[in-house]
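Undergrad: I would like the entire structure built from these sequences, with the hints used as guidance.
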Amino acid sequence: MDKLSKYDCKSAKSAATVNGGYQLSDFSKPDSAGLNVSHLSLAFGGLKALSDVTFSVAPGAITAVIGPNGAGKTSLFNCISGFYKPSEGKIEFGGEDITRLHPPARAKMGLARTFQNIALFRGMTVLDNIKLGRHAHMQTNVFDALWYFGRARREELELRSELERRVLDFLEMEYIRDHPVASLSYGLRKRVELARALAMQPRVLMLDEPVAGMNREETEDMARFILDAKEEWGVTILMVEHDMGLVMDISDHVVVLNFGQVIAAGKPAEIQNNPDVITAYLGSGDVGELSRRIACEKAA
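146 is the number that this note's numbering gives to position 70 of the sequence shown; each next residue is one higher, with no gaps.
Because the hints were derived from the structure by calculation, they are not lab data.
Treat the hints loosely; a few may be bogus.
As the list claims (entries may be wrong) - Below, simulated SDA-like cross-link-like pairs (lysine to any residue); rule was C-alpha separation at most 20 Å, straight line: (1) Lys161 / Asp128; (2) Lys124 / Met185; (3) Lys343 / Asp325; (4) Lys161 / Phe335; (5) Lys166 / Arg176; (6) Lys124 / Thr150; (7) Lys184 / Ile174; (8) Lys184 / Tyr160; (9) Lys166 / Met185; (10) Lys207 / Lys161; (11) Lys161 / His178; (12) Lys161 / Ala119; (13) Lys207 / Phe191; (14) Lys124 / Ser157; (15) Lys161 / Ser117; (16) Lys184 / Pro135; (17) Lys124 / Asp325; (18) Lys184 / Lys124; (19) Lys207 / Glu250; (20) Lys184 / Glu164; (21) Lys161 / Ala181; (22) Lys207 / Pro179; (23) Lys343 / Tyr357; (24) Lys343 / Asp328; (25) Lys161 / Pro179; (26) Lys124 / Glu164; (27) Lys343 / Ala134.
TA: What follows is the structure in structure tokens.
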């Protein structure tokens, strides 16, 4: 069964429309952008978190980064998004060197991310949390915002309408738009965080363990939304994920880290049968065992 049919994606529909009947052109698709990481290294004192990491993320594809705990996946994400400064190497986004850019500058270029631990404002509503994702693109200055008239008011009303039409509807969250985040289930909070990242109109969306802690139904919903973001919004996706079943189902390309180094890269089927990957995960070269483990995760 292919990726789209398994998760019942909206993008599998024959009509070239999305929720509410809006044409795809109304979504103002960003240009797909690629990401290149070259010879990236990161050290904390005498501890090397990353060592000579090199890989590429193809425009319009879903690339997964996997590896055992402590392999360096989150450190890699933090380098790409600008929270950590690598000691060596280069990061290129859309053909531009962003290695020394601060996180806000990267965000404004179209690099968005979610976090392993949900980073939402619990006392604010769903819609207000999502609005924060548009901050980098807002034109209002501090004085306009302080008095909340003219341009500031118009811009917020336009933003609210856009988010309601595009993001809330797309992620099926219209019914909770005015609910405080603290009142939501864990799975819905993860969806709000995805919505906030999509509100940034990203060219590359980085997802840090998007289905961690979710049950099967929530995982399938999130997989569907990720695939739809790729197909309908034209977003390039880079994700870190431990759910091997999900990785094998929706990824176009997989990069495997172990002890801060890339030990394998390729299509999901190639990775599943790679002896180095199997040894990293299981401590043995039993090809069949990793396949059985993935099958069990899908059935769970």
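Undergrad: Which of the listed hints are broken here?
TA: 2, 10, 17, 18 and 20
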